[in-house]
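Novice: Build out the structure end to end from the sequences listed, making use of the hints.
Just so we're aligned: 964 in the working numbering is position 81 of the sequence shown, and the numbers increase by one with no gaps anywhere.
The hints are simulated quantities; they were obtained by calculation from the structure and are not laboratory data. Heads up, some of the hints might be wrong.
To be verified - With beta-carbon atoms standing in for the labels, derived distance ranges:
1) Ser996 / Gly974: 44 to 54 angstroms
2) Gly974 / Asn934: 32 to 42 angstroms
3) Asn914 / Trp1006: 24 to 34 angstroms
To be verified - Pairs of lysine to any residue, SDA-like flavour, derived with a Cα cap of 25 angstroms:
4) Lys997 / Asn934
5) Lys967 / Asp929
6) Lys967 / Gln982
Glycine included, every Cβ here is placed at the ideal spot set by N, Cα and C.
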Amino acid sequence: MKKLYVILSIFFTLSLFTLPAYSSVSLKITNTDLDCREDYISGGFDYCDFNVDVRIDTYSYGKEYDYLNNLTYIVECKADIEYKTFNRDLGTTFPHWEQVHEREYFYGVSWSSKTITFDINFWHFEPVIQVFPSSLSCRIINAY
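Specialist: Below you can see the structure in the form of structure tokens.
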């Protein structure tokens, strides 16, 4: 399995939901990894796993501590994946684009880390020769 390491700009946002006074919630993307499986017949990639490590930290004081740490947070991440295929007959590459998204639940802790995995399958007759995420965003979409 061939590993590709990617450096990319990472954007994250915090959704608007009401927090008690003297408290905050932060969402951080701590790591990304693009791992693609090479198809030895075509010479291109069959599929890729794009792993995004996300961490939620809650900060609160006094009676708000139990409130924030018992919430369930729903995090949504979206990624734009760009890839190129190679046409042997024409001897040229063709760009393609795909948007993927995943949701993950974080259950009641003062901090929690999870890996969100995007499974990317390629359904092309031409071999996929280059893959890279062009954008990534994660946000808390709800808390209850």
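Novice: Quickly compare the C-alpha distance for Lys967 and Gln982 to 25 angstroms and report which way the hint goes.
Specialist: holds, 15 angstroms
Novice: When you check the alpha-carbon spacing of Lys967 and Asp929, does it fall within 25 angstroms?
Specialist: holds, 13 angstroms
Novice: Is 32 to 42 angstroms right for how far apart the beta carbons of Gly974 and Asn934 are?
Specialist: Hint holds: Cβ distance 34 angstroms, inside 32 to 42 angstroms.
Novice: Mind checking the alpha carbons of Lys997 and Asn934 for me, to see if they're no more than 25 angstroms apart?
Specialist: Between Lys997 and Asn934 the Cα gap is close to 10 angstroms, so the pair holds against 25 angstroms.
Novice: Is it true that Asn914 and Trp1006 lie within 24 to 34 angstroms of each other by Cβ?
Specialist: For Asn914 and Trp1006 the Cβ distance comes to about 28 angstroms; the hint holds.
Novice: Please check whether Ser996 and Gly974 have a Cβ separation lying inside 44 to 54 angstroms.
Specialist: Given about 46 angstroms between the Cβ atoms, the range holds.
Going through the hint list in order, the structure satisfies each hint without exception.
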